[in-house]
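*Asks:* Sequence:
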Amino acid sequence: MKQYLVPVVVVILALMFLDPFMIVMPEMLFYIGSGIFFVAFALYAATVWNEQVADEREYAHRAYAGRVAYLVGATVAVIGILYQALVLHSVDPVLVILLLAMIIGKSLGLRHIQKRL
Numbered sequence: 001m002k003q004y005l006v007p008v009v010v011v012i013l014a015l016m017f018l019d020p021f022m023i024v025m026p027e028m029l030f031y032i033g034s035g036i037f038f039v040a041f042a043l044y045a046a047t048v049w050n051e052q053v054a055d056e057r058e059y060a061h062r063a064y065a066g067r068v069a070y071l072v073g074a075t076v077a078v079i080g081i082l083y084q085a086l087v088l089h090s091v092d093p094v095l096v097i098l099l100l101a102m103i104i105g106k107s108l109g110l111r112h113i114q115k116r117l
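Under this note's numbering, think of the first position of the sequence shown as 1, with each following residue one higher.
Think of the hints as simulated: they come from the structure by calculation, not from any bench.
Just so you know, even glycine gets a beta-carbon here, dropped at the ideal spot from N, CA and C.
Accuracy of the hints is not assured; some may be wrong.
Pairwise CB distance ranges, derived in the manner of DEER restraints [to be verified]:
id : residue 1 : residue 2 : range
1  : Leu-110   : Phe-41    : 21 to 31 Å
2  : Ala-74    : Asp-19    : 42 to 52 Å
3  : Ala-60    : Met-22    : 38 to 48 Å
4  : Leu-29    : Glu-56    : 38 to 48 Å
5  : Glu-56    : His-89    : 42 to 52 Å
6  : Val-78    : Ala-14    : 28 to 38 Å
7  : Glu-56    : Ile-32    : 40 to 50 Å
8  : Ile-79    : Val-24    : 24 to 34 Å
9  : Leu-18    : Lys-115   : 37 to 47 Å
10 : Ala-60    : Leu-5     : 19 to 29 Å
11 : His-61    : Leu-86    : 35 to 45 Å
12 : Val-87    : Leu-117   : 39 to 49 Å
13 : Ile-32    : Ile-113   : 35 to 45 Å
Using the sequences provided together with the hints, build the complete structure.
*Replies:* Structure (structure tokens):
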């Protein structure tokens with residue numbers, strides 16, 4: 001159960017940032033929430049980075065979960081880019097940077113693993 005606490009906190013805080021009228025998060029709470037969000041994400045990233053696998057089955061599960069997460073993230077970024085390009089006629093550079101970071105990160109990670117083996 002502990003393994004789900006930090007990701008849930010990260011998701012809740014991320015959703016709170018979507019409040020355009022600052023009803024859920026007034027300005028002071030926004031700054032406090034930003035700090036908590038940063039710390040929670042850092043904890044989550046550290047947890048993911050330090051995951052230990054006991055056998056091949058766990059390794060396969062972890063690899064599959066990573067592949068699904070990557071594809072979901074890339075798909076959402078592409079849908080966001082297409083929506084903004086076709087409907088809003090202006091693409092937020094953050095979406096493009098996000099997609100490029102995902103693709104480059106995946107390629108560099110794969111290259112690093114292949115060199116180690």
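*Asks:* Decide, hint by hint, whether the structure agrees.
*Replies:* Checked hints:
| no. | hint | result |
| --- | --- | --- |
| 1 | Leu-110 with Phe-41: 21 to 31 Å | holds, 24 Å |
| 2 | Ala-74 with Asp-19: 42 to 52 Å | violated, 26 Å |
| 3 | Ala-60 with Met-22: 38 to 48 Å | holds, 44 Å |
| 4 | Leu-29 with Glu-56: 38 to 48 Å | holds, 46 Å |
| 5 | Glu-56 with His-89: 42 to 52 Å | holds, 49 Å |
| 6 | Val-78 with Ala-14: 28 to 38 Å | violated, 20 Å |
| 7 | Glu-56 with Ile-32: 40 to 50 Å | holds, 44 Å |
| 8 | Ile-79 with Val-24: 24 to 34 Å | holds, 25 Å |
| 9 | Leu-18 with Lys-115: 37 to 47 Å | holds, 40 Å |
| 10 | Ala-60 with Leu-5: 19 to 29 Å | holds, 25 Å |
| 11 | His-61 with Leu-86: 35 to 45 Å | holds, 37 Å |
| 12 | Val-87 with Leu-117: 39 to 49 Å | holds, 45 Å |
| 13 | Ile-32 with Ile-113: 35 to 45 Å | holds, 39 Å |
The structure fails hints 2, 6 (numbered hints given earlier, in ascending order).
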